[in-house]
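Colleague: Listed below are the residues making up each chain.
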Amino acid sequence: MKFKKIFIYLAIACCNGTGDVLLKRGMDNLGEIHLNHWTHIFNAFIDPWIILGILFLAGFFYSYLTALSWADLTFVLPATAFGYVITAFLSRVFLHETVSAWRWAGVLLITCGVGLVARGPSLTERPAKDTAPGKDSAVGKDTALAGDSTIQKDSAHGKDAALAKDSALSRNKEQHELA
Amino acid sequence: MNSLKLWTAIGMLVLASSAGDVMLSAAMKRIGDLDLIRMEKGLLGVISRVISEKLFLLGLCCLIFSFFCLLTALSWGDASLVAPASASLTYICSAIMAKFLLHENVDRRRWLSAALVCVGVLLLVK
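As you go down the protein sequences, you meet chains A and B in turn.
All residue numbers for the first sequence refer to this note's numbering, where the first residue is 1 and numbers rise by one.
All residue numbers for the second sequence refer to this note's numbering, where the first residue is 1 and numbers rise by one.
Okay, chain A solo, but in the shape it has when bound (with noise of 0.2 angstroms):
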């Protein structure tokens, strides 16, 4: 489980980050793109370094689709936010753009913040579910459509949707503390 997120945090980042770059490349070679020649813009599918860019974005995709089934969406959005690391890396190396030492401290913010959030649970515990995240995804689609409805039920009565949602958030807790 420890090994797949790491994988799966990777994955993004890396394609995530390298995609852009070469995005960026390929519009160079396009030139700027004005409002009343809008259509140029179709231009960019021909280009190679924008094709390779949009291959590096569709690895993304699927690594972030997969991610996005079995993990929370606040889980999987400082994986792309590592990508613009890797940007800010391959930016200064590969498109010769100057990276200050203002933009080296975000870059370090952005993996405490990376770092931070990977190392808790990947995944909101529904009221529905008594398991531990992730190793109950065998009956992943029965029991997300039960939490969902369990939760709509829940927000009619506002006190017990209170009390389950402080029961899930301190068995999180219990679960951090045994990892």
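These are calculated hints, taken from the structure and not from any lab test.
Just so you know, even glycine gets a beta-carbon here, dropped at the ideal spot from N, CA and C.
Accuracy of the hints is not assured; some may be wrong.
[What the hints assert, rightly or not] Stretch by stretch, here's where chain A covers chain B in the computed footprint (C-beta under 8 angstroms, at least three residues):
1) 69 to 77
2) 95 to 104
3) 116 to 124
Starting from the structure of chain A, add chain B where the hints point.
Modeller: Leaving out everything else, chain B in the frame of chain A:
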């Protein structure tokens, strides 16, 4: 004028991509673990299962629109400015939407990391 053009493109990009992200996340939770589906039915099985989910297609439309905004914005500014600027705003926007629309448990750890990433990304713009 040029920077107004650039920030309008970035703003449209942010709204479209966070709406798309939230829809994709909801769609993928309905579909279930992609790794398991791939083991059972192969890559084609995964693709057909994902494409048959309407919410996924809707989210994809939002993301395609945001992709064209990204291409346009990239032609107007540096990659190391456009990418982080749109990312930081998308990140805040999506975290708020995930909290209220997807009812995700955005705990202290996640807010703290959101803050770190946002400040980091703001520094990238400097």
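Colleague: Which earlier hints turn out false for this structure, listed by number in ascending order?
Modeller: The structure breaks none of the hints.
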